[in-house]
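Numbering (numbering that gives the first Met the number 0), first residue to last: 0 to 707.
These aren't lab readings, by the way, just hints derived from the structure by calculation. Yeah, the Cβ is synthetic: ideal placement off N, Cα and C, and Gly gets one too.
Using C-beta positions, here's what the derived DEER-type ranges look like:
| id | residue 1 | residue 2 | range |
| --- | --- | --- | --- |
| 1 | 269 | 131 | 51 to 59 Å |
| 2 | 585 | 54 | 21 to 29 Å |
| 3 | 236 | 88 | 31 to 39 Å |
Each computed DSSO-like pair below joins lysine-lysine, with the alpha-carbon atoms no more than 27 Å apart:
| id | residue 1 | residue 2 |
| --- | --- | --- |
| 4 | 546 | 646 |
| 5 | 546 | 702 |
| 6 | 546 | 642 |
| 7 | 429 | 702 |
| 8 | 646 | 584 |
| 9 | 93 | 34 |
| 10 | 702 | 682 |
| 11 | 255 | 415 |
| 12 | 53 | 17 |
| 13 | 599 | 546 |
| 14 | 500 | 131 |
| 15 | 172 | 146 |
| 16 | 429 | 546 |
| 17 | 34 | 17 |
| 18 | 34 | 129 |
| 19 | 338 | 415 |
| 20 | 26 | 53 |
| 21 | 599 | 642 |
| 22 | 34 | 53 |
| 23 | 146 | 240 |
| 24 | 26 | 93 |
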Amino acid sequence: MKEQNDPPQAVSPASIAKLSPDDPLLKNVISLWRKNSETLGFFPEGAFLEYAQKGQILIATTATNNLLGYLAYRRSRNRAAIIHLCIDSALRGKGTARALVDRLCIEARSCTGISIRCRRDFSASTLWPKLKFEAVNEISGRGREGKTLTIWHRDLGNPDLFRHSRRGHAATKIRAVVDANVFYDLSDEAPQGVESRALLADWIDETVELQVTPEMSNEIARATEPAVRQRNRAAMTYYSKGEETETGAFDSALTKISAILPSPKNESDESDRRQLAWAVAASVEYFLTRDSEILRAADDLYSRTGILAIRPAEFVRRLDELERAEQYAPARLGGTRLKWRSIRAGEEDCLADSLHFGTDGESRSAFFSSLRAYACDPRLFDTRGVFEDENTALALIVFDRTTTGVLRLPFLRLGKSRAMVTLARHLLYKAQCAAVEDGREVVELHERLICPELESALEAEDWACGPDGIWRRWNFRFIGDASSLMQRIRESRIFEAENAKSFVAEIERLLARACEGDVTGAVRVERLLWPSKILGAGIPTFMVPIKPGWAQHFVDERLAEQLLFGARDDLALNREAVYYRSPQKPAPTAPGRVLWYVTKDDATRGAMSIRACSAIDSVSVEPGREAFRNNRRFGVYDWRDVKDLMKESDDGAVMSIRFSNTELLSRPIELEELRSILQMHGKGVMTAGPTPVEDLPFAAIYKAGGLT
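Start from the sequences and build out the full structure, keeping to the hints where you can.
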């Protein structure tokens, strides 16, 4: 960080603002970074544009619009982290850093706090205490010198729903294997490796775990100079090494890769293929490389092996997006024939083989006995599993409905798979849906062994952990304005658990903002208290037509005549999803809501009706191939589906609507009733494309659908 000490009497800059992507000052920001890149580290120029588009670069300017400095930051879950705080060296000492950080506190006001990693030997280390940051930890840096980093944190006064986590797991990191060229880039100062050295940035370490494969040792052994071999073997100790997830995984991966890439021309090419195969065998998500041959085959490699080959600069630029993708990637289970069913008598041994790992001192016999106690009493416990085949369980969950108003989960275990967090999020969501359907307002997880993947899923799904070690999720059935919801919460007795105090404080703070017209606060409350719906806070709602063939996968499992999963097993995990359509105006906006109208189909019973309501997370219009790449983690569409949509627009663009928290209407609203409701509120017949729906008709549709 390049800021020097700011004296208390400093004068604030003329203006602090978000940098827009089309602002001419973007070039000045990049120029200022370049002057200070020795301490800031490499940052891809494309990343500046990306962060500007997200509104996550703040700039300080004078009254004459001269750049004083900038602050770039990222958001991860409910925390903010400063990437760069850089002030022009000729203009320091004028309160610029303080003004930028104060504005960040406003932009990140819904977060629990702001963090920054800074080397102890940088002069900026003396700045952070003056900006209300606390030194909470220190670690060794990633660079060759291993300089000590201090982790600074500024508390924003919001309750952290996860602070009582029993095991204190850090969030699971994105795992990425570096190939030989990138490995060598990180070990020397060769000019061609400058983009790879972006991976050494201090802020990257919080999110990414860099790995090497066993083949890296063979690469190093081919060096002719003993000193080079010794130096590189020492460098390998800074990386973790992935392990083969199952017997034969390496050989299987190598066969697939050899069928995709051209025949190797030399020993180095053969080694590249083995590097990839080891990464796939270890179920690593990303392969960082500058090899043009591998990058040209990236799409095929992803579709056939599940690993994404990507340049280091592109990886850094898209890190926020990739981190979100890691939390929900059902495509990783594509091709598996998942079955969701009740546990049968006598299956305890099979489940123990798949789900017992001997962690925390739990013996196999103890696991077996606990499981049998639940499975043998179906009158009290609903014991279900997700199976890859008859003998391999990927997950297990037990529903206990013996407590009035509460759905207890005494068991939630995950097997080893490439999509543990995805499975966990799906099961937690299904538990919540089951509770809502039963009219139970609280779900409690009493699982004793919380693995890191399950804890990440609990955080992503906004569960709260109390000092009693129990994770809870509240489901509040409500539709009305923010002030009425606040009153209902204060009168309710369901928020009596110890960890509910901070939760309610957070809800009341957000509702106070919603009462002032803050859409972001209202949307956050709808997520935390799903399926609550807040009216009068400016949350936009759109009615969007969807074909029955897609609706059965995305929004209404009943159309597929199944109880849980959609018609295609590999589309079963629709905790979140993306729906493509041709671009039309008015386009839905995010954040918002969508009412799904299933269009006419003579072969489908239940068409021509409103079937479900979801939260809109994002809407984008972009070239079809780019949209497909950005959303392929959902595993929903084939490339040919997207190509068909591209033909409907002049420039080959498609609209991507990402949505989540889908709620099925208890009673579908058929077309005639829908028209009657719209006309009752002075609205005409809906259009063929997305149609805005105001709060009153939305509430009428929602209530008519039996969701109150």
